[in-house]
Structures are given as C-alpha cells and as structure tokens.
Amino acid sequence: NAGVMQNPRHLVRRRGQEARLRCSPMKGHSHVYWYRQLPEEGLKFMVYLQKENIIDESGMPKERFSAEFPKEGPSILRIQQVVRGDSAAYFCASSPRPLAGGSEQYFGPGTRLTVT
Amino acid sequence: AQSVAQPEDQVNVAEGNPLTVKCTYSVSGNPYLFWYVQYPNRGLQFLLKYITGDNLVKGSYGFEAEFNKSQTSFHLKKPSALVSDSALYFCAVRDILAGGGNKLTFGTGTQLKVEL
Chain A
295 NAGVMQNPRH LVRRRGQEAR LRCSPMKGHS HVYWYRQLPE EGLKFMVYLQ
345 KENIIDESGM PKERFSAEFP KEGPSILRIQ QVVRGDSAAY FCASSPRPLA
395 GGSEQYFGPG TRLTVT
Chain B
679 AQSVAQPEDQ VNVAEGNPLT VKCTYSVSGN PYLFWYVQYP NRGLQFLLKY
729 ITGDNLVKGS YGFEAEFNKS QTSFHLKKPS ALVSDSALYF CAVRDILAGG
779 GNKLTFGTGT QLKVEL
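Protein chains in written order, with my numbering: chain A, 295 to 410; chain B, 679 to 794.
Note that these hints are calculated values from the structure, not bench results.
Please note that a few of the clues may not be correct.
Simulated crosslink set (BS3-like; lysine-lysine; CA at most 30 angstroms straight-line) [what the hints assert, rightly or not]: (1) B:K736 to A:K321; (2) B:K700 to B:K791; (3) B:K736 to B:K755; (4) A:K338 to B:K727; (5) B:K755 to A:K338; (6) A:K321 to A:K365; (7) A:K321 to B:K727; (8) A:K338 to B:K791; (9) B:K736 to A:K338; (10) B:K747 to A:K338; (11) B:K791 to B:K727; (12) B:K791 to B:K736; (13) B:K727 to A:K345; (14) B:K755 to B:K700; (15) A:K338 to A:K356; (16) A:K356 to A:K345; (17) B:K747 to B:K727; (18) B:K727 to B:K755; (19) A:K365 to A:K345; (20) A:K321 to B:K747; (21) B:K791 to B:K755.
Bound-form chain B, shown alone (with noise of 0.2 angstroms):
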C-alpha cells in the first residue's frame, strides 16, 4: 500500500532555532512527495514538492525539504522557525495504485508550535 507516515504528533520548537517534521514514506516506484501546511479553518496551501531532479527542493515561507531515496524519508525542514509557522502540517504521497495515480495520500497530521 502507498502511504506516508508523520511519526510525531506535535513538535515544539524556539522561535529562531531550525525546525524539523519528519515524513517517511511507502510506495512502489519513483514516489511524488508533497509537504502542505494547515490554519486553523482554513484549507491546506501547498509547501513544496519532488518530483524528479535534486534532494533538496526549496518551497514557500523558507521551507526546505530533502528526498532521502535510501531512508525513504523526506523531511520538512527551515534554518529558523517564526511564531506565525505555527500550524498543522501534512505530508502526502501520489498513490499510484488506484485510480491512474491521480490521487493523494496523507499523513496524519504534525502539529508545529513555535515558541517565543
């Protein structure tokens, strides 16, 4: 089965300091990562993604992540956390199984909280 998994439920961090939600993921084949990020009541705006082409993709807001073929990870990362990116953050993954690979696959959800 395709799917992602957000190991943590909550990360607190100290604004200033570099941030971290970990992502792992299970898939057959090349996998499509995407990383969106969730106010309260409001829909999910999209971060970042890989596709194909370097490890490092760099997205909105100062986000980073790195595709990590061998540990099959792809973590959320910023050098320097701001209160306002507190919200819920979702990893996802293209489920190329059902449905002509046109769906996507969420995690459960990682609650950031950053600290003054």
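Bound conformation, chain A alone (with noise of 0.2 angstroms):
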C-alpha cells in the first residue's frame, strides 16, 4: 500500500507568482489534513478536508491560500501571489477515519517551498 504522496518534492518560485501543491493520500482514506513548518519551528494546522468538503480551515491565512480536495484526484493546496514568508515545509496528512475517532495520521514527504 503506497503511502501518502505529494508532489512535487521541491518547488521555487518568485515573489507573486502561483504555488500548487499537490497530495495524493493513501488508499481508502477520504480525510485530508495539510500542515506548514516553517523554519525552526513544529508543524502547525492549516486545514482538514474530506472528499469535495472542507470541514476546518482554521488555521489556513484569510488570504492568497486555498484547499481543494475534489471528488476525482488529488488533494491541492493552493497559494496565490507569494512571499518570501511563505518559505516553508508544507506537509500534507490522511486518515482513514476522522482524528475525533481515534485514527492516527500518515503523513507525505511533505513539499519544499522556496520563494526568491
């Protein structure tokens, strides 16, 4: 059983323009969780989704970031116009059952932002 995947592993890009990141979780889980690391620092919660619904965003910036985890395909996690404190480890997480009921989360390798 594969695990979670992300992609792409790295990526660099210039102040205002468009980062996507994408997620695959593992098979026949529907709950998808992204988290960021910034440098130095632990892992903090963006959002959680499930299959075409975000349950909790609260931890997602009011602007410039969004999240989709549609029906067919990926999970994408969205960034509009960055900057340079968007530089970051972005992680992306997935759970068979929702963490309220008990189930652990598996995590990707996670996606390397670097923004010039």
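These two chains come separately, so use the hints to put the complex back together.
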C-alpha cells in the first residue's frame, strides 16, 4: 500500500507567482490534512478536508491560500502571489477515519517551497 | 488552549542505553496523544498513540510511551537506543476546541542524538 504522495518535493517560486502543491492520500483514506512547518518551528495545522468538503480551515491564512479535495484526483493547496514568508515545508496527511474517532494521521514526505 | 510541551530541544544518549524523550500536555477533557518521528528531509512517521486503555502504549521500532494523567505527561521511551534512532521527535495532541476536534497540535520537537 503506497503511502501519502506529495508533489513536487521541491518548488521554487518568485515573489508574486502562484504555488500549487498536490497530495494523494493513502488508498482508502478520505480525510486529508495540510500542515506547514516553518524553519526552526513545529508543524502548524492549516486545513482539514474530506472529499469535496472543507471541514476546518481555522489554520489557513485569510488571504492568498486555498485548498480543495475534489471527488477525483489529489488534494491541492494553492498559494497565490507568494511572498518570502511562505517559504516552508508543507506536509499533507491522511487518515481512514477522522482524528476525532481516534485515527492516527499518516504523513507524506512534504513539499519544500522556496520563494525567491 | 490545547498544547503540548517538549522541554528538551536535544537529548543525547549512548547506544545501548535507555532513552527518554519528554512530553507534557495541557488539554480539556481526555487527551488523544501521539508520537511521531521525522528523519532529515522526510515526512513524519507515526510511532504510537494513546486514546484510552492501558497507560503503557507500545509502538513501532521498539518504542513505548507511558500516559500519566496525574503528571499530565506522555514520555517516549526505548530500553536500548540505536544510532539509527537519531532523529527529530514530535509529541502531538488532538485539539478538541477547534473544528470538531480533528486537528493535531504539535510540540516544538526534540532532537535525539544517539552516539556510539
């Protein structure tokens, strides 16, 4: 069973460009979570999605950031008009049941975004 | 606020000796607690979790953790450390106050270094 897949693994964008980060959850997992890890910091929750629905986006910046998890295809985290402060590692996780039901989350290898 | 604290930025231990990585928590209600390990430039790997039941939880790679309600702690332990255990370890707690309780709040991480 393949793990959580993320691509690209490394992404370089100039200030003002758009960044699209993709996440394919583990087979059979319909719950997807995005986290951000800034340099020298722990992981911070951004958003929780189920198929076609955003359940909790309390950790998402109000502007420029959006996420989706369509019926078909991977989950996408989109950052518009990137700024240097967006440089970080972005991790996707998936689970077969929600965390509230006691299910652990399985993490992908991350996408390291560098904004120049 | 739901939080976990990892009081040690780094733990050094000799190979073959027992290791302990400390974690304390502050939550409302019954905690769901998790330990993850992160190797350089990799995603987080799930080690173990406490939801309910026995206070001593056994996980992957010979790791175990003890849930102590009176001390609000969930320390990670291993009887005999290996050099290959050297990595960054994160404690996490389910945040029940936001979004239906489906997000993890992570500690700042403890770097474990096992030396020959």
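We went through each hint and held it up to the structure:
no.: 1; hint: B:K736 to A:K321; in the structure: holds (25 angstroms)
no.: 2; hint: B:K700 to B:K791; in the structure: holds (14 angstroms)
no.: 3; hint: B:K736 to B:K755; in the structure: holds (10 angstroms)
no.: 4; hint: A:K338 to B:K727; in the structure: holds (19 angstroms)
no.: 5; hint: B:K755 to A:K338; in the structure: holds (25 angstroms)
no.: 6; hint: A:K321 to A:K365; in the structure: holds (14 angstroms)
no.: 7; hint: A:K321 to B:K727; in the structure: holds (22 angstroms)
no.: 8; hint: A:K338 to B:K791; in the structure: holds (24 angstroms)
no.: 9; hint: B:K736 to A:K338; in the structure: holds (26 angstroms)
no.: 10; hint: B:K747 to A:K338; in the structure: holds (25 angstroms)
no.: 11; hint: B:K791 to B:K727; in the structure: holds (23 angstroms)
no.: 12; hint: B:K791 to B:K736; in the structure: holds (21 angstroms)
no.: 13; hint: B:K727 to A:K345; in the structure: holds (26 angstroms)
no.: 14; hint: B:K755 to B:K700; in the structure: holds (9 angstroms)
no.: 15; hint: A:K338 to A:K356; in the structure: holds (15 angstroms)
no.: 16; hint: A:K356 to A:K345; in the structure: holds (22 angstroms)
no.: 17; hint: B:K747 to B:K727; in the structure: holds (15 angstroms)
no.: 18; hint: B:K727 to B:K755; in the structure: holds (13 angstroms)
no.: 19; hint: A:K365 to A:K345; in the structure: holds (6 angstroms)
no.: 20; hint: A:K321 to B:K747; in the structure: violated (36 angstroms)
no.: 21; hint: B:K791 to B:K755; in the structure: holds (14 angstroms)
In this structure, the one hint that does not hold is number 20.
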